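Under numbering that gives the first Met the number 0, the first residue of the first sequence carries the number 0, and numbering increases by one thereafter.
These are computed hints drawn from the structure, not numbers from a lab.
Hints may contain errors.
Listed next, the in silico SDA-like pairs over lysine to any residue satisfying Cα-Cα at most 25 Å (straight line) [unchecked claim]:
#, residue 1, residue 2
1, K584, R612
2, K208, W223
3, K692, E707
4, K226, L568
5, K182, K587
6, K186, H438
7, K194, I228
8, K587, L613
Distance windows between CB atoms, simulated [as the list claims (entries may be wrong)]:
#, residue 1, residue 2, range
9, R665, S772, 26 to 34 Å
10, K465, A375, 50 to 58 Å
11, D353, E319, 19 to 27 Å
12, V851, N812, 20 to 28 Å
13, G45, T16, 25 to 33 Å
14, A626, R665, 19 to 27 Å
15, K472, D353, 46 to 54 Å
16, A626, V678, 34 to 42 Å
17, S29, V395, 53 to 61 Å
18, A413, Q355, 28 to 36 Å
19, E184, S618, 30 to 38 Å
20, Q162, S723, 55 to 63 Å
Predicted model only: the values in this text are computed from it and were never measured.
We put the CB at the ideal spot given by N, CA and C, even for glycine.
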Amino acid sequence: MESRYNPASIESKWQQTWAQDGLDRTPQDSDKPKFYALSMFPYPSGNLHMGHVRNYTITDAIARLKRMQGYRVLHPMGWDAFGLPAENAAIDRGVHPATWTNQNIAHMKRQLQQLGFSLDWEREVATCAPDYYKWTQWIFLQFFDAGLAYQKESAVNWDPIDQTVLANEQVDSEGRSWRSGAKVERKLLKQWFFKITDYAEQLLNDLDKLSGWPDRVKVMQANWIGKSIGAYLEFPIVGSEEKIGVFTTRPDTAYGVTYVVLAPEHPLTQRVTSADRKDAVAAFVKEVGEESEIDRTAEDKPKRGIPTGGTAINPFTGEEIPIWIADYVLYEYGTGAVMGVPAHDTRDFRFATDNQLPIKTVIVPEGEDAAKPLEAAYTEAGVMVNSGQFDGTPSVEGKQKVIEYAESQGFGKARIQYRLRDWLISRQRYWGAPIPIIHCPDCGAVPVPEDQLPVRLPEDVDFSGKGASPLAKLENWVNVPCPSCGTPAKRETDTMDTFIDSSWYFLRYTDANNDRQVFDETKVNDWMPVDQYVGGIEHAILHLLYSRFFTKVLRDRRLLNFDEPFSRLLTQGMVQGLTYMNPNKGGKDKWIPSHLVDANDPKDPQTGEPLQRLYATMSKSKGNGVAPEDVVSKYGVDTARMFILFKAPPEKDLEWDDADVEGQFRFLNRVWRLVHEFVSSPKGTKNNGQLTKPEKDLRRAIHTAILEVTEDMEGDYQFNTAISELMKLSNALTDAPCKDSPVYVEGIETLIKLMAPFAPHIAEELWNEIGHSDSVHHQAWLEVDESALVVDEITLAIQVMGKMRGTIQVPANLDKTELEKLARESEVAQKHIAGKEIKKVIVVPNKLVNFVVV
RNA sequence: UACAUACUAGCUCAGAGGUAGAGCAAUCGACUUAAGAUCGAUCCGACGCGGGUUCAAUUCCCGUGUGUGUUACCA
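Start from the sequences, fold in the hints, and give me the full structure.
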């Protein structure tokens with residue numbers, strides 16, 4: 000055995016051996032319980048960064064542990080390969096998106112393999128491959144067939160210079176196109192939507208089933224869905240047949256409505272405006288329309304609005320009330336109109352005060368009357384007053400009663416409102432899965448027949464970045480006969496949002512090479528749900544919500560039989576790098592790339608100014624990244640893995656620190672030396688059945704380590720503390736005086752096995768060196784021998800009045816009376832209780848005795 | 001603004017109603033021409049702040065401060 004730990008040679012050696020032996024392949028026929036470990040698949044941007052490495056290291060450690068624990072493990076990898084950067088590469092550099100993407104995939108796959116992740120590459124998927132997006136299109140048709148895919152006019156971001164539609168992420172916070180810099184306009188286009196709102200209630204309720212998800216992710220999803228229970232009420236417009244519908248959560252305040260407000264965009268605005276107000280209203284609408292979303296919703300801004308001159312009737316009181324328009328009413332939410340109840344809503348109160356609108360109190364706290372004027376809105380529950388027949392009703396009950404009354408009178412009903420909107424899935428660009436629809440002048444939107452899938456992306460395309468989507472310009476691709484009636488028709492030229500590709504990839508892994516079906520029902524139901532999903536918190540809402548939605552729809556199509564796709568979710572923290580900032584500079588210039596800075600004396604290389612040191616998420620613009628391959632070439636994969644797992648709990652941000660990486664490398668070196676000394680010394684053969692005290696102590700250390708590591712890995716994966724236990728065991732072995740004992744052999748073997756999921760290469764090498772021919776990764780995980788944990792003597796704490804006064808050594812497992820007797824007789828206790836009356840004695844077996852004195 | 005979450009050694013993090021703990025860093029010593037590696041030893045704590053419950057609170061409860069994240073007028 001080499002006396003020095005040389006990671007480079009052992010890592011490549013074992014990676015080859017494992018590949019040959021098929022160590023990473025998913026077991027096909029096995030009666031073992033299943034375990035599906037999954038990392039969120041990456042976008043093939045070209046290079047693996049530390050965030051990827053952290054993500055996959057976590058999942059890999061789990062996969063390896065579960066294999067040792069007797070599970071058949073599915074641990075696949077693939078590529079979220081459609082998307083904008085590929086198309087930009089085409090526009091900027093003239094490389095075809097497919098070429099660019101495939102090169103990146105090849106490069107990143109090689110990087111992953113060098114990192115030794117135990118992935119089953121036979122199940123690799125890439126969403127841009129026709130044999131994948133064929134099934135994405137097939138799933139779209141399932142949605143279409145279920146009535147869950149529909150078209151609607153919708154506003155898109157339109158770049159007037161490039162004459163093209165932009166995605167939201169291509170529009171900066173100033174509302175300008177990232178490419179042309181032009182002010183983006185809103186333009187109405189016919190777009191495809193998925194009806195996720197049909198599943199809002201299920202998506203909300205089933206969050207309760209996700210006990211293995213972090214609470215904050217569930218809270219974020221619940222907020223996103225945003226369920227409100229209330230009423231829909233209609234206010235007739237004076238001099239018109241039309242009515243203004245509003246949604247309210249406070250129907251109990253309906254008698255306090257003193258005005259109605261429309262969003263400026265509301266179509267009724269034109270209708271209700273009186274002739275003399277036309278110009279003022281038009282000016283106001285224009286002004287608000289030009290404001291950016293940010294200005295309009297700024298918190299400190301006063302609520303602005305103007306009267307339209309029109310009036311409506313409060314159907315509860317019969318009073319005429321003015322109709323206003325105001326910028327604080329959002330057209331996108333509810334009905335785009337609200338009833339104004341200044342007395343009982345803070346926003347309405349402020350608006351009414353600013354605009355001299357009447358304030359009418361209709362709820363009072365119990366035992367008070369409505370006489371005194373309000374200084375602020377009273378938004379709590381209370382008793383209804385000034386509310387006709389409802390006077391005296393508690394407002395909580397009043398909600399339901401008012402709804403019933405409105406319903407009986409025909410001007411309202413109960414309603415549940417969600418913040419969640421339908422999912423706009425059309426993208427006017429090339430590098431995505433084409434929507435498999437043909438528009439026929441006679442038959443309308445006709446699905447492409449299944450046997451004609453996939454609708455392939457044409458390859459000879461012009462990428463100028465200008466004009467309509469590249470697909471729309473391809474006459475011979477667009478013009479096809481209608482599949483239903485044969486008349487000349489046109490293909491849909493939009494492609495699908497890439498979130499659709501990633502909403503079902505975890506299902507495809509269970510049967511990745513099936514060319515006849517999207518997946519085999521038995522296989523998907525066998526492997527799913529994913530037992531442990533690992534990825535970034537940035538997907539807390541969109542990707543995870545969409546995937547849950549897809550799962551429920553496909554379940555209702557009877558393609559699978561479970562409700563939720565991911566049983567347990569681990570949202571890993573970011574990887575942060577040491578970052579230098581010049582506080583005197585602004586914008587991007589303030590970040591000074593770390594390779595330009597002397598770490599001992601951080602100064603701006605241009606100005607000589609002192610720099611601030613901080614930790615920030617690694618990024619190109621800050622120049623604070625650490626390249627995985629640099630770390631690997633210096634210390635090896637196992638050190639990188641150990642550092643990443645040890646430095647922070649997985650869900651927290653990780654501060655990259657070279658000194659700590661060094662520390663992990665030293666730990667692996669210590670283990671290497673320990674085993675090296677063990678291999679080159681005579682083995683213990685002594686076995687007379689009776690263990691000496693050092694042997695007992697060492698066995699206790701061994702089995703404590705097994706217990707702690709196993710517990711740390713159960714549930715929430717505390718890798719950092721698990722590795723800390725490995726260090727303790729390693730220290731115990733180093734210090735052990737009984738190196739010739741069979742217990743020492745047990746200790747060495749235990750340490751290597753416990754290390755295997757975290758540092759797989761060195762564990763395999765050491766396992767091999769101590770004389771085993773089978774892989775350490777095939778060994779069964781360790782069982783705790785409870786008897787080894789037993790201690791003969793314990794330290795008993797002596798407390799007086801709850802304060803620690805000292806300790807005594809006593810035999811373990813004495814009963815309460817014996818403990819009390821020993822404690823009472825002890826010197827420490829005597830010193831503090833002598834001459835005092837003992838009122839009470841609390842005895843906690845094997846822990847402490849507490850005297851309560853007068 | 002609401003919600004979530006955190007606050008423990010210089011740093012990163014464990015911990016549990018009952019003696020506060022690991023790793024790294026630091027300091028000193030040994031070895032070395034020197035450095036590194038290694039070995040040995042050492043140091044470190046109002047458990048954010050205030051109150052309550054308890055025989056006993058760092059741990060449970062309430063309030064408060066600070067940081068972070070999501071959300072930003074959702075009617």
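These are the hints, each one checked on the structure:
Distance hint between K584 and R612 is fulfilled; the C-alpha atoms sit about 14 Å from each other, no more than 25 Å. Annotation: proposed proximity of K208 to W223 holds, straight-line Cα distance about 18 Å (limit 25 Å). With a CA separation close to 22 Å, the supplied pair K692 and E707 stays within the 25 Å bound. Only pairs whose Cα atoms come within 25 Å are accepted, and K226 paired with L568 is accepted, the gap being roughly 24 Å.
Taken as a hint, the K182 and K587 pair is honoured in the structure, with Cα atoms around 23 Å apart against an allowance of 25 Å. Note on K186 and H438: the hinted pairing holds, with a Cα-Cα distance of about 21 Å set against a maximum of 25 Å. At most 25 Å may separate the alpha-carbon atoms for a hinted pair to count; K194 and I228 meet this at roughly 20 Å. With a C-alpha separation of about 16 Å, the suggested pair K587 and L613 falls inside the 25 Å cut-off, and the hint holds.
Taking the beta carbon of each, R665 and S772 are about 30 Å apart, inside 26 to 34 Å as hinted. At roughly 55 Å, the beta-carbon separation of K465 and A375 lies within the given 50 to 58 Å, and the hint holds. Restraint check, D353 to E319: a C-beta distance of roughly 22 Å satisfies the suggested window 19 to 27 Å. Between V851 and N812 the beta carbons are some 25 Å apart, a value that agrees with the proposed interval 20 to 28 Å.
Evaluation of the 25 to 33 Å hint for G45 and T16 yields a pass: the beta carbon distance comes to about 30 Å. Between A626 and R665 the beta carbons are some 22 Å apart, a value that agrees with the proposed interval 19 to 27 Å. Here the CB-CB span from K472 to D353 is close to 52 Å, well matched to the stated 46 to 54 Å. Our hint of 34 to 42 Å for A626 and V678 holds, since their Cβ atoms are close to 35 Å apart.
With their beta carbons about 58 Å apart, S29 and V395 fall inside the hinted range of 53 to 61 Å. Remark: the range hint 28 to 36 Å for A413 to Q355 is upheld by a beta-carbon distance near 34 Å. A C-beta distance of roughly 31 Å is found between E184 and S618, which places it inside the suggested range of 30 to 38 Å. Between Q162 and S723, the C-beta spacing of about 60 Å keeps the proposed range 55 to 63 Å intact.
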